[in-house]
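Trainee: Each chain, letter by letter, is given below.
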Amino acid sequence: MKQSLTLNKVTRFMGFGTLKPFTALFTGKVQKEDILTILKKFIVPIASILLFIGLWHAGSRALFNMEADYKIEKALTDQGQKAANEMKACIASGDISCQPNTLPSPTQVWASFQTLLKDHKVISADKLAFKEKTAAMNEKRVAAGQDPITYTGRPSFVDQIFTSLKTVFAGFLLALLIAVPIGIVIGLSETLRSSFNWLIQIFKPVSPVVWLLLVFMIVKTMTKDSNQDSAFIISFISVGLCSMWATLVNTAMGVSSVDKDYINVAKVLKLGAFQKVFKVILPSSLPLIFTGLRITLSVAWMVLIAIELLAQSPGLGSFVWEEFQNGANDSNSKIIVAMFVIGLIGFLLDRIMLTIQKMVSFNKNEGL
Amino acid sequence: MSYLELRNICKTYGQGAGSTKVLSNINLKIEEGEFVAIVGFTGSGKTTLVNLINGLLQPTSGEVLFKGNPVVGTSHERGVIFQNYSLLPWLTVGQNVQMAVKEAFPKEKKGEISKRVNNYVEMVGLTPAINKRPKELSGGMRQRVAVARALAMKPEMIIMDEPLGALDALTRGNLQDEILNIWSVDKRTALLITNDVDEGIYMADRIIPLRPGPNATLGPEFKIDIDRPRDKTALNDNPNYKKTRNAIIEYLMDIGNERKSEAKTEYVLPDLSPKSFVA
Numbered sequence: 001m002k003q004s005l006t007l008n009k010v011t012r013f014m015g016f017g018t019l020k021p022f023t024a025l026f027t028g029k030v031q032k033e034d035i036l037t038i039l040k041k042f043i044v045p046i047a048s049i050l051l052f053i054g055l056w057h058a059g060s061r062a063l064f065n066m067e068a069d070y071k072i073e074k075a076l077t078d079q080g081q082k083a084a085n086e087m088k089a090c091i092a093s094g095d096i097s098c099q100p101n102t103l104p105s106p107t108q109v110w111a112s113f114q115t116l117l118k119d120h121k122v123i124s125a126d127k128l129a130f131k132e133k134t135a136a137m138n139e140k141r142v143a144a145g146q147d148p149i150t151y152t153g154r155p156s157f158v159d160q161i162f163t164s165l166k167t168v169f170a171g172f173l174l175a176l177l178i179a180v181p182i183g184i185v186i187g188l189s190e191t192l193r194s195s196f197n198w199l200i201q202i203f204k205p206v207s208p209v210v211w212l213l214l215v216f217m218i219v220k221t222m223t224k225d226s227n228q229d230s231a232f233i234i235s236f237i238s239v240g241l242c243s244m245w246a247t248l249v250n251t252a253m254g255v256s257s258v259d260k261d262y263i264n265v266a267k268v269l270k271l272g273a274f275q276k277v278f279k280v281i282l283p284s285s286l287p288l289i290f291t292g293l294r295i296t297l298s299v300a301w302m303v304l305i306a307i308e309l310l311a312q313s314p315g316l317g318s319f320v321w322e323e324f325q326n327g328a329n330d331s332n333s334k335i336i337v338a339m340f341v342i343g344l345i346g347f348l349l350d351r352i353m354l355t356i357q358k359m360v361s362f363n364k365n366e367g368l
Numbered sequence: 001m002s003y004l005e006l007r008n009i010c011k012t013y014g015q016g017a018g019s020t021k022v023l024s025n026i027n028l029k030i031e032e033g034e035f036v037a038i039v040g041f042t043g044s045g046k047t048t049l050v051n052l053i054n055g056l057l058q059p060t061s062g063e064v065l066f067k068g069n070p071v072v073g074t075s076h077e078r079g080v081i082f083q084n085y086s087l088l089p090w091l092t093v094g095q096n097v098q099m100a101v102k103e104a105f106p107k108e109k110k111g112e113i114s115k116r117v118n119n120y121v122e123m124v125g126l127t128p129a130i131n132k133r134p135k136e137l138s139g140g141m142r143q144r145v146a147v148a149r150a151l152a153m154k155p156e157m158i159i160m161d162e163p164l165g166a167l168d169a170l171t172r173g174n175l176q177d178e179i180l181n182i183w184s185v186d187k188r189t190a191l192l193i194t195n196d197v198d199e200g201i202y203m204a205d206r207i208i209p210l211r212p213g214p215n216a217t218l219g220p221e222f223k224i225d226i227d228r229p230r231d232k233t234a235l236n237d238n239p240n241y242k243k244t245r246n247a248i249i250e251y252l253m254d255i256g257n258e259r260k261s262e263a264k265t266e267y268v269l270p271d272l273s274p275k276s277f278v279a
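Heads up: the protein sequence lines correspond to chains A and B, in order. Everything in the first sequence is counted per full-length UniProt numbering, starting at 1 for the first residue and increasing by one. Everything in the second sequence is counted per full-length UniProt numbering, starting at 1 for the first residue and increasing by one.
Among these hints, one or two may not hold up.
[Unchecked claim] Lysine-lysine pairs mimicking DSS-like chemistry, simulated, CA-CA at most 27 Å apart:
1) A:Lys-276 with B:Lys-110
2) B:Lys-243 with A:Lys-270
3) B:Lys-275 with A:Lys-267
4) A:Lys-166 with A:Lys-260
5) B:Lys-135 with A:Lys-267
6) A:Lys-270 with B:Lys-242
7) A:Lys-358 with A:Lys-166
8) A:Lys-270 with B:Lys-110
Hint data in this document are derived by calculation from the structure and do not stem from the laboratory.
Use the sequences and the hints to build the structure in full.
Mentor: Below, the structure written as structure tokens:
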């Protein structure tokens with residue numbers, strides 16, 4: 001009983017309250033309402049997912065046929081009846097060389113997902129082998145004061161995911177370090193708020209692409225004579241600058257709108273300025289600050305893909321772009337795989353932030 | 001020289017044409033060790049008066065003297081119990097009290113501070129709830145925490161702004177007794193702001209009605225000559241109590257009627273009669 005209670009608590013705390021009947025199923029205490037909720041909360045969504053896949057399949061089928069017809073038509077007008085017949089036979093045979101290039105079907109995407117995983121295994125094995133092979137030599141090089149030899153092969157899809165996560169966290173951290181302190185200072189002083197307001201209002205809606213170019217102009221000059229990975233620096237700074245505005249605005253709002261009663265308490269207790277900020281104002285604006293941070297993280301993840309795509313910095317964004325440029329017959333389905341992975345990771349990041357927000361916030365019931 | 005003195009206090013909010021004069025010509029003297037109650041209608045400027053005395057607000061004209069010195073800001077000498085508890089929701093009961101103790105006794109060591117905190121939490125009977133947050137407490141318990149927080153700073157004077165206003169009648173009665181018990185231990189000067197005449201008579205030495213604002217002023221004072229400790233049930237048969245109570249209520253009713261006759265807007269009601277569906 002106690003076990004099921006804690007299980008329920010944990011799932012609810014994580015914002016997965018809908019899993020409650022499922023945990024009931026798990027702990028062996030099933031009630032009639034639970035079955036009804038399972039029906040409502042699980043069967044219906046699963047049915048809708050199946051419907052989605054079905055529509056997707058039908059849609060891609062239709063697009064495939066359109067593209068095929070167009071190809072045959074083209075062969076007919078350009079090269080005559082014989083070429084058209086050959087094209088028709090070629091498409092029907094499933095030969096890779098002449099497949100119509102269009103929206104991939106769910107089965108193709110699933111297959112690409114498997115391919116990417118297999119590819120990851122191959123590359124990791126290769127990496128491991130490389131490490132073993134160069135271990136002795138690297139030791140010598142390090143001892144001699146030289147840089148060790150690193151693996152320069154192609155990164156796998158999973159490696160790209162981790163690179164992207166690294167970039168997004170670096171950018172998020174940068175946004176946090178810039179936006180929270182500035183937000184607090186701006187929130188405390190009405191004068192500063194009105195003097196910074198134009199800046200915030202003008203820069204908030206600027207597109208990630210422009211930020212990237214601006215950061216590129218500055219970082220390019222500053223890292224001219226170092227051999228650092230400037231692509232990573234450029235992309236994480238751009239991500240930070242794009243995404244910090246939500247936190248900045250929320251923090252300033254939270255700090256400036258602290259309940260007057262709490263301020264009165266601080267005055268009656270005669271708290272010093274420092275104490276007032278850290279013991280009264282900050283704790284009471286924490287829920288709003290975290291709402292801002294949550295928005296920041298999801299914005300950071302969203303713009304990251306676009307920025308990686310443009311900055312040629314490794315990660316999911318450049319994976320998508322390279323696959324698009326690549327034009328292999330399974331490129332399109334790999335792009336769709338990346339799309340799902342991006343969405344799923346974005347969702348998980350949001351859940352993690354929600355959990356942290358609930359942990360630090362005094363108002364446990366708040367949370368969206 | 002009085003312990004606390006208000007001299008010709010006026011308080012105006014806003015400026016120019018949009019300004020409202022909330023208090024005017026307030027004169028009040030409170031002696032050391034006295035328990036004074038100010039009774040008034042809601043919206044008559046009671047909270048403004050309290051904030052002037054505890055130093056959160058400054059009067060537009062006139063001055064507030066505490067032990068002969070003008071009040072310019074808040075001070076640990078005057079403890080305040082707010083109308084809406086004003087506990088910090090992210091701190092536990094103990095931490096809320098501790099915050100006040102730490103500020104009032106900055107030189108004390110950790111052990112001494114926590115001892116003080118425990119003492120005051122125990123005094124209001126909340127030791128079992130010391131690690132709970134205000135949200136988990138009932139209204140009465142929250143108000144007790146606020147009492148403990150105000151007293152833990154060892155103020156020389158306690159200012160209570162409708163401390164029991166939001167509580168139900170039974171809890172209210174209990175807390176009145178508790179506050180009186182705590183007060184009777186070292187008889188610190190106390191100022192109670194309330195809208196309940198019975199509460200004022202039961203607790204205070206003197207009752208002063210506040211004529212409702214705008215331009216609120218203090219009315220004539222009523223002395224309460226009933227021996228302490230007072231017994232709530234016996235009080236009902238006390239002729240002295242009845243007399244004072246009737247006098248105060250009559251006074252307040254008169255003010256209320258005066259206000260009504262001053263109101264000039266007359267609402268003309270439409271002449272309506274129910275329609276008969278039977279015929």
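Trainee: Taking the earlier hints as the rules, which of them does this structure contradict?
Mentor: The structure breaks hints 2, 3, 4, 6; every other hint is satisfied.
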